[in-house]
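Protein sequence lines, in the order shown, are assigned to chains A and B.
FYI, full-length UniProt numbering numbers position 108 of the first sequence as 108, with every residue one higher than the one before it.
FYI, full-length UniProt numbering numbers position 329 of the second sequence as 329, with every residue one higher than the one before it.
Don't read these hints as lab results, they were simulated from the structure.
Treat the hints with care, as some may be off.
Far from chain B by the CB rule (all over 12 Å, computed), these chain A residues [to be verified]: (1) PRO23; (2) ALA146; (3) ARG179; (4) GLU258; (5) GLY262.
One-sided excerpt, in silico: chain B residues whose CB lies under 10 Å from chain A [stated by the list, open to error]: (6) ASP48; (7) GLY282; (8) SER287; (9) ARG307; (10) SER329; (11) PHE362; (12) ALA366; (13) ILE368; (14) PHE465; (15) ASP521; (16) ALA535.
Please read these numbers as outputs of a predicted model, since none were measured by experiment.
Built from N, CA and C at the ideal position, the CB exists for glycine as well.
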Amino acid sequence: MQGEPGALPQERQYQPQQQFMNPDTGAAVSIRGLAKQFEGKIAVNGLSLDIPIGSFYGLVGPNGAGKTTTLNMLTGLLVPDAGIALILGNNVWADTNHIKRMIGVMPQPDQIFDRLTGMQLLIYSGMLRGMARAEVQSRAQDLLHAFDLIDAANTMVSDYSAGMTKKICLATAMIHSPRILVLDEPFESVDPVSSANLKDILIEYAQTGGTVIISSHVMSLVEKMCTHVAIINRGQVAAAGTVHDVAAGGELEDRFLELVGGRHQAAHLSWLDGGNRGDGQTPQTQMPIQQMPGQQMPNAQGTVNGR
Amino acid sequence: MTIVRLRWALTFAAMRKSSWQTIGYIIGLLMGVGTVVGVGVGAWYLGDLDFANGTSWDYSLMHTVMVLGGSLVCIFTAIVQLMLIGEGSTLNPKKFALFGIPDKTLQSGLTLAGLSGTPAIAGLLSLLLLPLAYRSLGPVIVITAILAAPLAIITITSFSKLIIALATTMLHSRRSQATLYIVVMVIFIALCNLPNVVINSGNPEHITLTPFQMMAGIFAWTPFGAAFQLPFDAFDGNWLALVIRVLILVATWVLCFALGVWCLARDRRYAGESERVKSVKGIGSFSWMPDSTSGAISARLLSYLRRDPRQAMFLLFPVIFLVLFALQSANLPEMVWMAPVLSALFMMMSEANGLAYDGRGFSMQAIIGVSGRNDRLGRVRVFAVMGFVYLLAVSIVAAIVSKSWTSPTGITIAIVCTGCSLGLFFAGLGLAEILSCVFMYPVASMDKPFSSPQGRAIAQGFFPFIHMFACLLSLLPTGIVAIILAVSASSGMLWILAPVALANGLLFLYLGVVLGGRLMDARLLKIVTTLDGFAALQK
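In isolation and in its complexed conformation, chain A is listed as follows (with noise of 0.2 Å):
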């Protein structure tokens, strides 16, 4: 599906002549001119984007980038100071709550009830949105399949591992097959074999004209998942299109930092040195670190790139 054509947006989107253009009421999420501050903080500044029907979409950015934000503006979560979210032609905040059931967005891990097990948990989500009970527990008993978790159907969520929990958030985002998945950085603290399995899910489910949005730190997965990719800096979308456009050839994270910008060199901090104190106890195994000619810990590097 990478480099599939169609109507996606230019790079550099927040450019002020295009904010105010008319949205996309084709397209599965249009953004028009989204902004919203905090206490005189601008953490969204008008931006503006256009996810197509059936893309794997990857909103990445650095920390405090706005990505969040603009997803619970955009899930009816966040009321924005100014701009339009079309979701499927509708907007967002003219009917929040038929917006909300037509979307499934995945619940942060304390953000649900964990008193309840995992069964029960699911079917609450199903029978939520209006669902028949019937409907729901079969469901659930799909879900809790595919996502490894019929053994711990029955056991508290509060008793699941940080993976598990969020597998079933994951799940109760799914229950009502909804025609748009909202993601916050869902694999995070997943094993894996889970995670491998979960992203088989999510593929088939956008194959099938599901359209799944993710918001990751993990370049990597980014690149391998989604077929649209759009890098969020301060607000507003550095860049956006398929995946292989946004990379221009190259690997997908230099681009990153590229757009992001932010990179420094390694910073030297004489103290830290791994035992070598220089006050007389050092244990002399290691050439001082100064003395390393022409080389750089990488480890020191790696910290500051944050990697």
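Starting from the known structure of chain A, arrange chain B on it as the hints suggest.
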């Protein structure tokens, strides 16, 4: 010392962050000053009594009151600490886990920090003023009392710190903590009502000092009362007893310290140990509640009520009231009818802050887009049925205790009280559904029912009264009918109050669902933000 400084730095930081905190702190300070002044003035006037150099009845009374009172204050402080302040308050030993501070240093730091807090300082000043009462008895007793004051404060602080440490260390599983929470609350309520029960169940004229003197004699040999007995030992010239009691106190501090250190060590050894996983059969109430959105809410609420010690407490009220009033009704059997009426008034107090008990879990409703009407309906369904059955049962027990069927007046009282309790309960439930969307205050987290989120005490002392006041106000129509009946002297028609109160209550219940639902729709996102804020306070 660093920990003492940290303690105050944290207090000031919390005050900077929230003006409510500052107000709460100032109120705490005023209460402290009030206690000191009150004790000082009281002691001054007490000193005017004629102690006849230690031989009068007044002297024996004062002696008994000082030792027994001091012991009770000591025990109460520990229980109140458990209930209100909890370990989560300002300094939690777990927060120091990363710094590798030796256990003994940490424990002494925490104890010192406790001693430098406002309550400890206010307590010390009060105890230092207490010797004013002894001034007519000579310098020896006064000086000993002044010296004994810090000993008492150190004992109280060490003891309450130990109680909290033991409670948090020994009770690893959530279930045992929940049980302990309920037990402690029940003991506390029982202790508070002990004087009432003692006075009302027997003949007040027959109460003498002797049994209390015996109790004081026993308590004087425990760490709780020893410090308060010291001045009297000195006055009597009983120096051996004085030395032994001081040794008892010192031994208590050492023991508390050692046990505190042991708790820290144990916490570390068992940190992160997972508790036994319990699985539940089937889907519980989700299988039989109405197949609808509000049914899901009802089922969720019911499952939670069974597992939530904080709310279970409120549901225990009727039983507690019933026992208390049944015990006190020896002289006046009708007294037991207070139980259903007061239960109706108090039972929905927690529901008036129900959303705070839900915590961030409520966010799921906001994510899914549940209408306020459905939410309110789901909650009311559970509480209305439960309360109705419960109050009816309490009323039946009350009728049996007061033998209502034996006289026409008894029957009328039974009918009116039952009707009014149910009416009051329904009105209270309806109002709770409105108020819980507006006046929320932080509650302890479900995992740590003993902890106290910052800023809880103030709001918790104030907001519930809004609900209580509104409840009483909502029954105004019933009240008017009652007045008319009283004025027209038609006491034979009193039974009419029962259906009137019931209709009155049901009307407010309906209004609660409709208005509460609308209010929730309008304030949904604000509610979610508020709950997120409360969750941050619980960490």
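Hints, verified against the model:
1. PRO23: Non-interface label stands for PRO23 of chain A: nearest chain B Cβ at 21 Å, farther than 12 Å.
2. ALA146: holds (19 Å)
3. ARG179: The assertion about ARG179 of chain A holds, with a minimum of 15 Å to chain B.
4. GLU258: Label holds. Min Cβ-Cβ 35 Å, cutoff 12 Å.
5. GLY262: Non-interface label on GLY262 of chain A holds, nearest chain B Cβ at 28 Å vs cutoff 12 Å.
6. ASP48: violated (59 Å)
7. GLY282: holds (8 Å)
8. SER287: Holds, because the Cβ-Cβ distance from SER287 of chain B to chain A comes to roughly 8 Å (cut-off 10 Å).
9. ARG307: Cβ of ARG307 of chain B sits 5 Å from chain A, so the hint holds.
10. SER329: Violated: closest Cβ of chain A sits about 39 Å from SER329 of chain B, beyond 10 Å.
11. PHE362: With Cβ-Cβ at 8 Å, under 10 Å, it holds.
12. ALA366: Check passed: Cβ of ALA366 of chain B comes within 6 Å of chain A, closer than 10 Å.
13. ILE368: holds (5 Å)
14. PHE465: violated (29 Å)
15. ASP521: Hint holds; ASP521 of chain B Cβ to chain A Cβ min 8 Å, cut 10 Å.
16. ALA535: Result: holds, 7 Å to nearest chain A Cβ.
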